[in-house]
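Undergrad: If you want the building blocks of each chain, they are given just below.
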Amino acid sequence: MAELRDLYQEVILEHSKAPRNYREPAGTNHKAEGYNPLCGDRFTVYLEMDGDSIRDIGFQGAGCAISKASASMMTQSVKGKTRAEAEKIFEQFHELVTGHSHEHEAELGKLAVFSGVSEFPVRVKCATLAWHTLEAALEGKQEKVSTE
Amino acid sequence: MTAAAAVPIRERAANKTFDVERIRQDFPILRTKVHGHPLVYLDNAATSQKPQTVIDALVRYYEGENANIHRGVHYLSELATAEFEKARETVRAFVNAARASEIVFTRGTTEAINLVAQTYGRVHVGAGDEVLITAMEHHSNIVPWQLLCEEKGAKLRVAPINDAGELLLEEFEKLLGPRTKVVAVAHVSNALGTINPLKQMIAMAHAHGVPVVVDGAQAAPHIAVDVQELDCDFYAFSGHKMYGPTGIGVLYGRHALLEAMPPYQGGGDMISSVTFEKTTYNKLPHKFEAGTPDMAGVAGLKAAIEYMNGIGIAKIAAHEHGLLEYATEVVGAIEGVRLIGTAREKASVLSFVLDEVHPHDIGTILDQQGIAVRTGHHCAQPVMERFSIPATVRASFAVYNMRAEVDALARGIRKVREVFA
Ligand SMILES: Cc1ncc(COP(=O)(O)O)c(C=O)c1O
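Protein sequences, first through last, are from chains Y and D.
Residues 1 to 148 in this note's numbering are what the first sequence lists, from first letter to last.
Residues 1 to 421 in this note's numbering are what the second sequence lists, from first letter to last.
The hints are simulated quantities; they were obtained by calculation from the structure and are not laboratory data.
Because the structure is a prediction, the values reported are computed rather than measured.
Heads up, the beta-carbon is just placed ideally off N, CA and C, and yes, glycines get one too.
Errors might be hidden in some of the hints.
If we take Cβ atoms under 7 Å as the criterion, some of the chain Y residues that face chain D in the derived model are [to be verified]:
hint, residue
1, Tyr8
2, Val11
3, Cys39
4, Gly61
5, Ala62
6, Cys64
7, Ala65
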């Protein structure tokens with residue numbers, strides 16, 4: 001069952017059980033809610049923006065191991081980054097989990113553990129839900145983002 | 001040993017005249033391998049697999065009978081029409097309707113319920129009136145009524161269920177009143193497996209002069225349905241959940257009610273004469289069958305009913321009940337499993353959650369072992385809310401499932417626990 005372990009890497013399981021930045025930062029000035037109606041995953045991403053950069057980030061909500069771990073690791077990877085940098089990471093991450101390109105695996109650092117998702121196409125939405133929500137929060141969109 | 005390769009001795013001993021291994025041979029798809037494992041198909045409540053006889057019926061229709069019905073004087077059209085009406089008679093007998101004209105072919109349960117809401121409902125439900133449903137309905141028995149209520153300024157009332165997933169009959173009765181114009185209820189809940197006490201509910205509704213629409217999507221595959229004995233007014237079900245093709249379903253309607261209802265869709269076949277001034281509608285059931293129907297689908301549905309009759313609904317029910325009891329025992333015994341839906345009267349469905357593991361993750365891990373279950377809210381979000389969970393894992397059984405497959409499911413769940421340990 002090698003493939004299964006590719007998907008459920010230790011790091012992913014660990015983050016899903018003990019998600020980082022699982023809170024609403026006191027200085028939150030942007031937030032967005034993301035929802036995957038297929039499986040009921042629902043997350044809110046909170047941002048404390050300082051001009052163009054993400055001073056603090058947190059999230060809360062409920063979802064499967066993949067979506068939760070992805071949200072948790074996303075908060076770690078974009079904290080302190082500018083909006084443009086965060087969007088670039090998402091772009092590379094998206095290419096990785098959809099299996100389009102593994103060329104940025106090194107740049108993605110820890111996030112590369114999600115490469116196994118590309119073998120499970122129905123789980124791509126799980127891995128990207130928090131990221132889509134982050135994007136919406138960065139854009140200051142008011143409506144709920146949905147993966148459907 | 002692989003999961004589905006051998007049938008334990010007790011499986012044959014349990015029911016001497018019921019040979020599950022032979023039944024499995026009727027279903028070509030069961031030979032499929034999934035990720036190197038034999039397919040263990042436990043998603044029957046979503047759609048069942050099809051026996052060869054049903055597949056053959058579709059082929060036979062297109063090879064030898066295809067022509068538009070009710071329209072031609074030529075040989076093939078007459079043949080197709082005759083076969084179509086024979087199938088209607090087969091369906092009539094299947095639900096024991098009094099007359100074949102009470103059987104309307106639809107695309108499925110969803111269309112059948114929408115038909116009633118948009119015809120009977122639009123005539124009889126007005127501002128301030130009420131439509132009564134239950135807390136365990138599928139979205140397709142909620143949304144059509146919601147749309148109707150919105151349009152008419154009526155109110156949707158919901159009869160509650162207990163923690164086992166059983167309807168609270170006294171509460172249901174209390175909600176029936178002078179403003180209640182329609183009751184719509186599932187015979188069997190797709191998310192919980194609960195079998196509702198339909199006869200009592202229908203008697204209660206009738207005591208208030210209220211007709212009852214039954215969503216029979218999950219009952220028709222597992223329970224002998226007798227619409228006269230139930231005394232229901234409408235009964236809807238889908239072919240694809242009972243070994244038949246997709247795209248074909250049935251609405252049974254009491255003759256007098258159908259007769260008085262306006263048509264649903266306008267078009268060919270549903271008229272007896274058309275001028276630009278006035279159209280006279282065709283007689284029942286054709287009034288409700290506008291346009292060219294799914295003739296191949298009807299042929300397939302007939303073959304599916306004949307397949308079920310060939311085994312015997314009582315035997316199918318007994319076999320599935322045995323599987324459900326066994327699964328309840330072995331899956332229920334796994335540490336961390338919580339069964340959702342523990343009604344005393346249940347059919348075919350085992351819904352559960354596992355500790356902190358999300359159903360979606362369970363579904364992926366089971367799939368890797370060839371086990372197909374449904375994970376999610378099962379188009380019954382209010383049920384999930386009632387139990388304060390986002391989703392469940394649902395295993396649902398059909399005539400071709402075996403105890404060995406229940407064992408495979410239990411092993412699969414243990415594997416999930418290992419991965420998430
Ligand atoms: C209880 C119940 N009602 C209605 C439906 C809808 O059936 P269909 O999609 O075949 O119209 C289903 C199946 O999805 C069901 O389980």
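Undergrad: Evaluate each hint against the coordinates.
TA: Status of the hints after comparison with the structure:
With 7 Å as the threshold, the beta carbon of Y:Tyr8 comes within range of chain D, its nearest partner Cβ sitting at about 5 Å, so the hint holds. Against a cut-off of 7 Å between C-beta atoms, the interface hint on Y:Val11 is violated, since the closest Cβ of chain D lies about 14 Å away. Given hint, Y:Cys39 at the interface with chain D, holds; its Cβ is 4 Å from that chain's nearest Cβ, closer than 7 Å. For Y:Gly61, the shortest C-beta to C-beta distance to chain D is roughly 10 Å, which exceeds 7 Å, and the interface hint is violated.
Below 7 Å, beta-carbon pairs count as interface contacts, and Y:Ala62 has one with chain D at about 6 Å; its hint therefore holds. With a least beta-carbon distance of about 4 Å to chain D, the hint placing Y:Cys64 at the interface is held under the 7 Å criterion. Restraint check, Y:Ala65 versus chain D: the minimum CB separation of about 5 Å is within 7 Å; hint holds.
Comparing the model with each earlier hint shows violations of hints 2 and 4; every other hint is respected.
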